[in-house]
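Heads up: the sequence lines are chains A and B, in that order.
At position 150 of the first sequence the residue is numbered 156 (my numbering), and the sequence of numbers has no breaks.
At position 141 of the second sequence the residue is numbered 143 (my numbering), and the sequence of numbers has no breaks.
Honestly, the hints are just simulated from the structure, not real lab data.
Mixed in with the good hints there might be a few duds.
[Stated by the list, open to error] Here are some of the chain B residues that sit facing chain A, going by a computed Cβ distance under 10 Å: (1) H86; (2) K87; (3) Q88; (4) P90; (5) R93; (6) G116; (7) Q119; (8) Y121; (9) A122; (10) L124; (11) D128; (12) K129; (13) I131; (14) P132.
[Said to hold, decoys possible] Dumping the calculated EDC-like pairs for lysine to aspartate or glutamate here, alpha-carbon to alpha-carbon at most 16 Å: (15) B:K87 x A:E139; (16) B:K87 x A:E155; (17) A:K163 x B:D128; (18) A:K91 x A:D60.
Cβ coordinates follow ideal geometry from the N, Cα and C atoms, glycine included.
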Amino acid sequence: MSEACFDKIRDTFADVVSETSVAHGILVLVTEAANVFAIARVLKENLGFDLFLDVTAVDWPDRDLRFDVVYHFYSTREFVRVRLKTRVPAADPTVDTLVPLYGSARYMERECHEMYGIVFRGNDDLRPLLLYEGFVGHPLRKDYPKQKEQPLVPYRK
Amino acid sequence: MTRSVPAGHQRSAAFEYFTTKKDEFVGWARKFSLFPYPFVTACCAMEFMSVSSTLYDTDRFGAALPRFTPRQSDMLMVVGTVTHKQAPILRKVYEQMCEPKWVVAFGVCASTGGFYQNYAALPGIDKIIPVDLYIPGCPPRPEMVIDGIMKLQDKIAAQRHPIINQEF
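Bound conformation, chain A alone (with noise of 0.2 Å):
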């Protein structure tokens, strides 16, 4: 049943999708990052993706488009997972937000910003969520030093 969902949706992407593979019984697609908000949109308005689970990224320190933006999608109705990878580089990681299709990625914006400093235009709200305000720089980076302490109290001694 999932097969034939996956190839539907192979064919109505044919054209902004770069390679497509299924991993763990998900189908995966790899996107440039200005497609993102429109194949999301034909997901949820014409293949019934109505759950958006997650949006993450990816550090690749080594490679010239440094982040991996990952979305997640899960249809109620077909029972499939749709994960949907784009690449932004360091210098400018933006993509667009996607809050006007699904309001739960308000808050899963601001913790990909947070942690990784993926910037999602059209998301006005992306003060830290799980950090707190005035912490420095992006924990989950590789090059984040892993002993690096920011703390609110200051220590005793």
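Keeping the supplied structure of chain A fixed, place chain B upon it in accordance with the hints.
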């Protein structure tokens, strides 16, 4: 530490005997009347529940009734990982407690940060507040907690307990 004699008192043997007995008596009373404030943040809480309920029963050591306001408690039990974001709250809870007060770091995370050596976790609560007793373990066995409470009782019994003023 040399203790100065208050005005009007001579350093007499009788006075020394009396203050020593007073400290001993108050220490004995206080060590069996610990009111814990459970500052519980993580998985060590399960062991804390186990040790404080019927099977292991810290009531036998006078440390049963948790007070959920720091103002009514005198033993701060920090149970679990404390993050940098949580640290100001722990500091405030500690400052709200009245004297006399003792702090127990329950488990390895509260003692040293444990295996959380990263951007988020505080590497031991003794970085921000003084700690009287460390109980290692991930999580500590109830027997270790009971042993720790008894060690804290010994410490309390051997302490000075100024009541009327610093000198008495």
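A quick look at each hint next to the structure:
Look at H86 (chain B): its Cβ gets to within about 5 Å of chain A, closer than 10 Å, so that hint holds up. Interface restraint check for K87 (chain B): the shortest CB-CB distance to chain A comes to about 5 Å, inside 10 Å, so the restraint holds. For the restraint placing Q88 (chain B) at the interface with chain A, the shortest Cβ-Cβ distance is roughly 9 Å, inside the 10 Å limit, so the hint holds. A hinted interface residue such as P90 (chain B) counts as satisfied when its beta carbon comes closer than 10 Å to some beta carbon of chain A; here the least separation is about 5 Å, so the hint holds.
Interface restraint check: R93 (chain B) against chain A, minimum CB-CB distance 5 Å, threshold 10 Å, status holds. With a cut of 10 Å, the hint placing G116 (chain B) at the interface with chain A is violated, because the nearest CB-to-CB distance is about 14 Å. Look at Q119 (chain B): its Cβ gets to within about 6 Å of chain A, closer than 10 Å, so that hint holds up. For Y121 (chain B), the interface hint holds, since its Cβ comes within 10 Å of a Cβ in chain A; the closest pair sits about 4 Å apart.
For A122 (chain B), the interface hint holds, since its Cβ comes within 10 Å of a Cβ in chain A; the closest pair sits about 7 Å apart. Nearest Cβ of chain A to the Cβ of L124 (chain B): about 7 Å, under the 10 Å cut. The hint holds. Among the interface hints, the one on D128 (chain B) holds; its C-beta lies about 7 Å from the nearest C-beta in chain A, closer than the 10 Å criterion. Satisfaction of the interface hint for K129 (chain B) is found here, the shortest Cβ-Cβ separation to chain A being roughly 5 Å, below the 10 Å cut-off.
Because the closest C-beta pair between I131 (chain B) and chain A is about 8 Å apart, less than 10 Å, the hint holds. Interface restraint check for P132 (chain B): the shortest CB-CB distance to chain A comes to about 7 Å, inside 10 Å, so the restraint holds. At roughly 10 Å between alpha-carbon atoms, K87 (chain B) and E139 (chain A) fall within 16 Å of each other, so this suggested pair holds. Of the supplied pair hints, the one linking K87 (chain B) and E155 (chain A) holds, its CA atoms being roughly 12 Å apart against a limit of 16 Å.
For a cut-off of 16 Å, the pair hint linking K163 (chain A) to D128 (chain B) stands: about 10 Å separates their Cα positions. For the suggested pair K91 (chain A) and D60 (chain A), the alpha carbons sit about 12 Å apart, so the restraint of at most 16 Å is met.
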